[in-house]
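Q: What follows is the residue order along each chain.
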Amino acid sequence: MSIPVLIIIAFLLMVILGLPIAFSFAAVSLGFLALEMGTSSLMLLISRTFGAIDSFPLMAIPFFVLAGDLMKDSGISRGLVSFVELFMGKVKGGLGHVTVLASMFFGAISGSSAATVAAIGGIMIPEMVSRGYNKKYATALVASSGFLGILIPPSVPLIVYGISAQVSIARLFLGAVGPGVIMGIGFMIVNRFMFKRYVTESSDPYDSVTPKVSSINVTKQAIPALFMPIIILGGIYSGAFTPTEAGAVAVVYALLAGGLYYRGFTPKKLLNILGGSALTSSVILIIIGFAGVFGWIITTQQVPAKLSDFVTGITQNPYLVLVILNIIYLILGTFMETITAIVITTPIFLPLILALGIDPIHFGVIMSVNLCVGLITPPMALNLLMASKIGKVNVYEIIRPLMPFLITSIVVLLLVTYIPQIVLFLPNVLLD
Amino acid sequence: MRILCKVENFVIGILILVMSLLAFVQVLCRYVFEFPVPWIEELTRYQMVWMVLIGLALGVAQKAHLGVEILEFFLSPSKQRVVNGILMGLMTILGLVLFIISFLFTMDQIEVKQLSPAMQIPMASVTVAFVVGTLLMAIQAGHQLISLVTVSTEKDCKEEDR
Chain A
1 MSIPVLIIIA FLLMVILGLP IAFSFAAVSL GFLALEMGTS SLMLLISRTF
51 GAIDSFPLMA IPFFVLAGDL MKDSGISRGL VSFVELFMGK VKGGLGHVTV
101 LASMFFGAIS GSSAATVAAI GGIMIPEMVS RGYNKKYATA LVASSGFLGI
151 LIPPSVPLIV YGISAQVSIA RLFLGAVGPG VIMGIGFMIV NRFMFKRYVT
201 ESSDPYDSVT PKVSSINVTK QAIPALFMPI IILGGIYSGA FTPTEAGAVA
251 VVYALLAGGL YYRGFTPKKL LNILGGSALT SSVILIIIGF AGVFGWIITT
301 QQVPAKLSDF VTGITQNPYL VLVILNIIYL ILGTFMETIT AIVITTPIFL
351 PLILALGIDP IHFGVIMSVN LCVGLITPPM ALNLLMASKI GKVNVYEIIR
401 PLMPFLITSI VVLLLVTYIP QIVLFLPNVL LD
Chain B
1 MRILCKVENF VIGILILVMS LLAFVQVLCR YVFEFPVPWI EELTRYQMVW
51 MVLIGLALGV AQKAHLGVEI LEFFLSPSKQ RVVNGILMGL MTILGLVLFI
101 ISFLFTMDQI EVKQLSPAMQ IPMASVTVAF VVGTLLMAIQ AGHQLISLVT
151 VSTEKDCKEE DR
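First to last, the sequence lines map onto chains A and B.
Read in my numbering, the first sequence has 297 at position 297, and its numbers run on one by one without any break.
Read in my numbering, the second sequence has 115 at position 115, and its numbers run on one by one without any break.
Here chain A stands alone, though its shape is the one from the complex:
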């Protein structure tokens, strides 16, 4: 058997056994270096991993993770929800719409879908249930809306893709806005139609949840939350900050807003948040670190080039290839975590994408939308698990009410795949 095949089989075996992805990368790379290049080359693993982590663009990941976690626990999400209710509280199915919109707003602050599910679900699931919404439906709605958190920029998965594919993160962020907004609108339409089935008439869904508080007070409570996206995205697109610097600004802003304005932090709580965010980001960064060596090895073994030749030998049609890639990603997304899937597949598929003349920004966003769908498809569906924990319902009971949302997201995925303008319009207009 040829070496590349052996490497990939060994890697897959370790991954399936359950060895963390980062260590599977490291072990396979060590094995390859020792067998192929002699033990003296083993230090390459350390020097290359060090080189990969020692990167300022990568630092955007811990910053946006931390900013999101700080916002989640600071009381800012409460402010956001009340603010959105001002506009949507009186519409039919209003609380459902509030959930979708608040998730989008929160997504503009945080870069992760888990933080979005926790922040918005923690408030909205009990709220909806107390207003006569079916608990399973409310949980499904929160789980689906949660992934808007990574489509609306900033977005940790898009940063990871941008670094792996060496394309502009600012462009990627803008590219995901269109799909994120369309997805949000799609979910609100679904919510409007499902309203009859899942919301009992006896309750009073037209009533705003916070009727006693004046709209001025509600707006006041939400101001820091509403300003944050303006600072982050405005800073990036005016050219004032790099995405990493915007992340640092976001952290300081979240500390000030959460600490001084919402008074949401005690020192102990703050230390817990800091440790948790640092761990979450370390775990992502170490995968990227060890993946660097693995990527280098499979490139020297010409795996991506051979794959690209093989596929272009069968078909040169980019639309057909995108169908195949969509199917691969939908399957991968059901059992593989988002970041992991991006780190593993980007170096393998990127040469193929470039050879077919597909814009790598477009591909990155397609991949993200795909993996978002994976977040709500079992067995490995982080958003479902998270939401079901908050809503205290069994994961498998959510699947039925989830179906319309799942179908909607696949429809949006197809739109995004075959109408590249949905992705490329904003970056082309705003950045050229």
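Just so you know, the hints here were simulated from the structure itself, not pulled from any lab data.
Incorrect hints may appear among the rest.
Straight-line distance between alpha carbons at most 25 Å, and here's what the computed PhoX-like set of lysine-lysine pairs gives [as the list claims (entries may be wrong)]:
| id | chain 1 | residue 1 | chain 2 | residue 2 |
| --- | --- | --- | --- | --- |
| 1 | A | 135 | A | 269 |
| 2 | B | 79 | A | 268 |
| 3 | B | 63 | A | 269 |
| 4 | A | 135 | A | 389 |
| 5 | B | 79 | B | 63 |
| 6 | A | 389 | B | 113 |
| 7 | B | 6 | A | 269 |
| 8 | A | 392 | B | 63 |
Guided by the hints, dock chain B onto chain A, whose structure is given.
A: Frame of chain A; chain B shown alone:
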């Protein structure tokens, strides 16, 4: 072991906080004081390297590393224990191997007296993060392996609040 986890948790928490604040100060320096400070970026990068390597070890103890948990659906709890044991064994060995390589790598850095470009500090002070992190990883994975085998009742390092 729980104390070790607490210390690691504290250290990476402080690192991420200081990193954010320093990166913010750098932005301030550039725009407000119009006085760019080149060593800040380097310092934050090195802090991140330390954070990742300590986080690597803590991640093993808290089982926070990302992986594909597909076998869980097919194996009985007793078989899963065996698989867990194998995994922890593999991680212990991997940690030790990485520790040795990192140690040799850092010794090289000391020997050639490599200095960082901006701050002019020895590079070994950064690469030693690999030595510390991988050693801690081996210790923590080994400890988990032992408690799996001996059916220890000692509590895991799981964060209480999560």
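Q: Of the numbered hints stated earlier in the document, which are not met by this structure?
A: 1, 2 and 6
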